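Q: These are the residues of each chain, in order.
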Amino acid sequence: MSDRKITIEYNDRIVRQFLLASVLWGAVGMLVGVLVASQLNFWRLNFNLPWLTFGRLRPLHTNAVIFAFVGNMMFAGIYYSTQRLVKARLASNFLSNLHFWGWQFIIVAAAITLPLGFTRGKEYAELIWPINLAVAFIWVVFAVNFFWTIGRRREPALYVAIWFYIATIITVAMLYIVNHLSIPTSLLHSYPVFSGVQDALVQWWYGHNAVAFFLTTPILGIMYYFVPKAAERPVYSYRLSVVHFWSLVFVYIWAGPHHLLNTALPGWLQSLGMTFSLMLWAPSWGGMLNGLLTLRGAWHKLRTDPVLKFFAAGVTFYGMATFEGPLLSIKSVNALGHYTDWIIGHVHAGTLGWNGFMAAGMIYWLLPRLWSKPLHSVSLANLHFWIGLVGILLYISAMWTSGITQGLMLNATTEHGTVLAYPNFLDTLNAIRPMMLMRVIGGVLYLTGWFVLAYNLHRTIRGAAPVNGTIEVFEEDPAPAGETLGVRGTLFNAPTLFCILGVGFATMWMLGTDLVSTVGLAGALVCFVAGYALIHSRGKSWSAWYEKLLLNALPFTVLTFIAVAAGGLIQIIPTVAIQRAENVEDRLQIVYTPLELAGRDIYVREGCYNCHSQMIRTLVPDVLRYGEYSRLGESIYDHPFQWGSKRTGPDLARVGGKYPNIWHLRHLENPRSVSVGSNMPNYPWLLTNDTDVAALPAKIKVQRMLGVPFGPLSAAQIFDHVAEQSKMISKDLRASGGYVAPEKEIIALTAYLQTLGRSTPVQPRGAAVAAMATNR
Amino acid sequence: MFKHLVLDDSVAIFGLIAFATAAAIFFFFAWRALHMSRGQIDRFSRLPFDSTDARHDTSE
Chain C
20 MSDRKITIEY NDRIVRQFLL ASVLWGAVGM LVGVLVASQL NFWRLNFNLP WLTFGRLRPL
80 HTNAVIFAFV GNMMFAGIYY STQRLVKARL ASNFLSNLHF WGWQFIIVAA AITLPLGFTR
140 GKEYAELIWP INLAVAFIWV VFAVNFFWTI GRRREPALYV AIWFYIATII TVAMLYIVNH
200 LSIPTSLLHS YPVFSGVQDA LVQWWYGHNA VAFFLTTPIL GIMYYFVPKA AERPVYSYRL
260 SVVHFWSLVF VYIWAGPHHL LNTALPGWLQ SLGMTFSLML WAPSWGGMLN GLLTLRGAWH
320 KLRTDPVLKF FAAGVTFYGM ATFEGPLLSI KSVNALGHYT DWIIGHVHAG TLGWNGFMAA
380 GMIYWLLPRL WSKPLHSVSL ANLHFWIGLV GILLYISAMW TSGITQGLML NATTEHGTVL
440 AYPNFLDTLN AIRPMMLMRV IGGVLYLTGW FVLAYNLHRT IRGAAPVNGT IEVFEEDPAP
500 AGETLGVRGT LFNAPTLFCI LGVGFATMWM LGTDLVSTVG LAGALVCFVA GYALIHSRGK
560 SWSAWYEKLL LNALPFTVLT FIAVAAGGLI QIIPTVAIQR AENVEDRLQI VYTPLELAGR
620 DIYVREGCYN CHSQMIRTLV PDVLRYGEYS RLGESIYDHP FQWGSKRTGP DLARVGGKYP
680 NIWHLRHLEN PRSVSVGSNM PNYPWLLTND TDVAALPAKI KVQRMLGVPF GPLSAAQIFD
740 HVAEQSKMIS KDLRASGGYV APEKEIIALT AYLQTLGRST PVQPRGAAVA AMATNR
Chain X
1126 MFKHLVLDDS VAIFGLIAFA TAAAIFFFFA WRALHMSRGQ IDRFSRLPFD STDARHDTSE
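If you read the sequences in order, they're chains C and X. Residues 20 to 795 (the numbering used here) make up the first sequence, in order. Residues 1126 to 1185 (the numbering used here) make up the second sequence, in order.
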C-alpha cells in the first residue's frame, strides 16, 4: 500500500452547468405550462397561430419540465453526489461536456420542432426520430461516464443512492428504446412499429415508468444523499432503503396498464396493472417515511432552514402523490377520475411538489458550496417556499375539485340510469371553468417562486468564484482481489438461476398450452420447493453471494435490469397474439383511405389527442354518451394509437357520420360557431394549407411494412384516390354553403373524422372458441 | 400460443400469482435487510459523510 497522499478535485464545473440549465429550463417549461393552462380558459391565447395552439404547446410543456428541467437537475445531483460517494472524480471531462451540450441541443431541437408540429404523437415521446437517436446517444454517453466513474471508485461499497441511479440509467434506456421504435417515412416523420392496443400498452408501460425511473428513482437517490447531508444526520433506516429499492424497481414496471383501465385492454392486463399499482403504495411510503424520519431531531431546523423546508415538503408531496396514484388505479375510482382533471392534479402534486421542491432544496443547498459564497438571501428562499407551497395547494385543490366535478357530471344519469343527466359535454366544461382559472393562479404563484429562486441564484453567484470540491486520497493502489463476481458469479449462481427458472416456468404455464403449460406448472412448483429447501440448507452461501453483489456495480446492474425487464416482457409480448384479426372481439377496423391517412396525420400533428380521446370505455355512462364501447379491433391499425388520456373535449371514437361535413368545416374554422362556449382553438390554416399528398406513397409503404393491409397502390393510384375523395367532400361542402378547394388540409381532416367508428363486423369470440374446440 | 390469455376466463389467476411473486421478492429483501449487521448498517448509512479513502481504512 502506498503512503503518499494526493488530492483529487471533483468535477463540479459540470454540476454548476447542469444546475444553471435546470433553473433556466425550469422557468421556460413552467412559463409554457402557465400559457397552456391559460389557453384552456381563454381560447384567444392560441392567437390563431399554428405553432402556439394548446395541442402543439402542451407537449412542449411536458417535455420541457420532464427532460429539460428535471433532467438537468437530476444530472447535477447525480454527478455531484456520485463523485463524493465513490470518492473519485468523474471519469471523463470530454464525456461530461458532451453529455451537457448534447442534452441542451436536444432540448433546443425539441423547442423548435414541437411547435412546428413535428411530432410522433405519443405522450412524453413526441420528439421526432432524429432527436430520438440523439437522446439515445447522449444517454449512452451519460451511462458510460457514470459507470466508468463507478469503475474507478475508491469506495468499494455502493451507497443506496447509487443503486437508484443505476436503476434509472438502465431502465430509462430500455423504456426509451422500446417505445421509440419507429420506421421513418421522411426525415421529420415516422410511424411507431406498434399499433392499437399493443401501442397503448407499450406507450403507458413507457409513460408510467418514465414517471417512475426519470421523475422518481433519480430523485430518490438525490433524496438519500442530500437530505442526510442537509439534516447532518444519516438516513433513518438503511435497512428500509434496501427494501425500498428492490420492491420499488420490481413493482413499478408493472403499473403501466393503470392508464388503460376500463378500456379495450384485455382484462388480465388491467388487473395486473391495478394490483401492482396498489402494491406500489408500500415501497413508495417506505421511501417517504425514510426520507421524512431522517429529519428526526432536526425538525426545529425547519423553522429557519429553507433547504429542509423544501425537502420535507417535497417528500411529503411524494407520499401524497404515491397514495393518490394507487387510489386512482382502483378500477372503480378510475372510472370517475380517468380523462378528467383529477389526473392532472395528481401529476402536478408529484411534479410541482416532489420534483420541483426537491430541485429547489438541492439547488439552495448546492449554491453556497459550488460558489463558495453564502446564499444571497435566506429570507427570499423562505419566501419562495411559501409562495410555491400556496401555488401547489391552489393548483391541486382546483384540479381535484374540477376533476371530480367533471367525472361526476359526465357519469351522472337520470331516469333510473338510462339517460345522461348532462348530455351536453360543454355543460361540464362550463362547470369547471372557475377551477381551471384557479389552477392558472396556482401555477403563476409557483412560477413566481421559481423566479425568486432564479433571482437569488443570480445575486449569489454574481461576483463569486466557482469552487470544486476536493478529497485527499492515497496514491492509486491495485484493486483488492477476491471481491469481484464476474459473469459466473452474476448469473450462474443459485439465487439468480432459481429466480430465472422460476419466472420462466411460470411464464410457460401462463402463456403456453397443453404440454408447454403443464411443463411450466410442474417446473414452477419444483423451483419453488427446491429453492425454499436450498435457502435453508445453503442460506449462508446465498448470503455471501448477496454481500458480494452489493460491492460489484456491473453484476448489480445486470440483475437490476432483469428485475425491471421482467414486467415489461410478461405484459407486452402476449399482446402480439391479441393484435391479430382473428383474436379481436366482433369488429375490425377498416383500413384508412390515403386521404383519411393524410387527415389522420394532420390530427396527430395538431395534437388533437391532447384533448380528445378515441376510446369509449366499458362503462354505462360512456356508452350512453358516445355509443357502443370501443373494441380492441377498431384501432388495430392505428400507428400510433389514439385512445387519448384526457377529455377536455368529447370522445371522438364514433364521431364519424354523426355530423355532416359542413359541421366539421365550421367547427374547425371556429369551434364556437357550432359549440357555444367551447375553448377549442381556431384552426384557420387548415383552410389555406395544402394537404401533403406527395408524402403519402412513402407513408403507405411504411404502413404496409408494419402490417396494415393497404392494397399495393402505386403513387399515381394514391394521388387519383385522394383527388377523387377530396373532390367529393369539397362538392358536398359547396352544396352546404362551404367553399374549400379539394386540396386543402381541412378536407383530409374531415375525411378522417368521418371515418371514426367505421368497422367491419367479424366473427365474435364465442363462435371462434367453439370453432377452435371443434378443430382440436 | 397465448391461447389461454385470449380465450380462457381463468386468466384472473395470473394476477394472484404475480402478487404472490412480488410479495415473495418483498419478503426476501425485507429478511435480508433485517439480517444486516449493525456495523454494516452504520458503515453504509454514513457513506455520504465519509471523507476518508476507504481502501486504506483500517478501522474495521
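In short, the hints are calculated from the structure, not lab data. Computed from a predicted structure; not experimentally measured. Where is the CB? At the ideal position from N, CA and C, for every residue including glycine. There may be inaccurate statements among the hints.
[Unchecked claim] Residues from chain C that keep clear of chain X, each with C-beta distances beyond 10 Å, as calculated:
{"id": "1", "residue": "Ser100"}
{"id": "2", "residue": "Ile202"}
{"id": "3", "residue": "Thr294"}
{"id": "4", "residue": "Pro485"}
{"id": "5", "residue": "Val486"}
[Unchecked claim] If the Cβ cut is set under 8 Å, some of the chain C residues that face chain X in the computed set are:
{"id": "6", "residue": "Leu104"}
{"id": "7", "residue": "Lys248"}
{"id": "8", "residue": "Arg258"}
{"id": "9", "residue": "Phe269"}
{"id": "10", "residue": "Met298"}
{"id": "11", "residue": "Trp300"}
{"id": "12", "residue": "Thr576"}
{"id": "13", "residue": "Phe580"}
{"id": "14", "residue": "Ala584"}
{"id": "15", "residue": "Leu588"}
{"id": "16", "residue": "Leu607"}
{"id": "17", "residue": "Tyr648"}
Q: None of the hints should be skipped; say for each whether it holds.
A: Results of checking the hints against the structure:
1. Once the 10 Å rule is applied to beta carbons, Ser100 (chain C) is inconsistent with being away from chain X; the minimum gap is 8 Å.
2. Listed as a non-interface residue, Ile202 (chain C) keeps its Cβ farther than 10 Å from every Cβ of chain X; the least gap is roughly 25 Å.
3. Taking the minimum C-beta to C-beta distance to chain X, about 5 Å, the non-interface status of Thr294 (chain C) is violated against the 10 Å cut.
4. With a cut of 10 Å on Cβ distances, Pro485 (chain C) stays outside the contact zone with chain X, its closest approach being about 21 Å.
5. For Val486 (chain C), the shortest C-beta to C-beta distance to chain X comes to about 16 Å, beyond the 10 Å cut-off, and the non-interface label holds.
6. The criterion of a C-beta within 8 Å of any C-beta in chain X is met by Leu104 (chain C), whose closest approach is roughly 6 Å, and the hint holds.
7. Taken as an interface hint, Lys248 (chain C) checks out: its beta carbon lies about 6 Å from the nearest beta carbon of chain X, inside 8 Å.
8. Hint on Arg258 (chain C) holds. Least Cβ distance to chain X is approximately 4 Å, under the 8 Å limit.
9. The closest approach between the C-beta of Phe269 (chain C) and any C-beta of chain X is roughly 6 Å, which is under the 8 Å cut-off, so the hint is satisfied.
10. Checking Met298 (chain C) against chain X: minimum C-beta separation of about 6 Å stays under 8 Å; hint holds.
11. Contact between Trp300 (chain C) and chain X, as hinted, is not supported at the beta carbon level, the nearest pair being about 12 Å apart and thus beyond 8 Å.
12. Interface restraint check: Thr576 (chain C) against chain X, minimum CB-CB distance 17 Å, threshold 8 Å, status violated.
13. This hint is violated: Phe580 (chain C) has a C-beta 15 Å from the nearest C-beta of chain X, more than the 8 Å allowed.
14. Given hint, Ala584 (chain C) at the interface with chain X, is violated; its Cβ is 14 Å from that chain's nearest Cβ, farther than 8 Å.
15. Taken as an interface hint, Leu588 (chain C) does not check out: its beta carbon lies about 13 Å from the nearest beta carbon of chain X, beyond 8 Å.
16. Interface restraint check for Leu607 (chain C): the shortest CB-CB distance to chain X comes to about 15 Å, outside 8 Å, so the restraint is violated.
17. Given the 8 Å rule on beta carbons, the hint for Tyr648 (chain C) is violated: about 18 Å separates it from the nearest Cβ of chain X.
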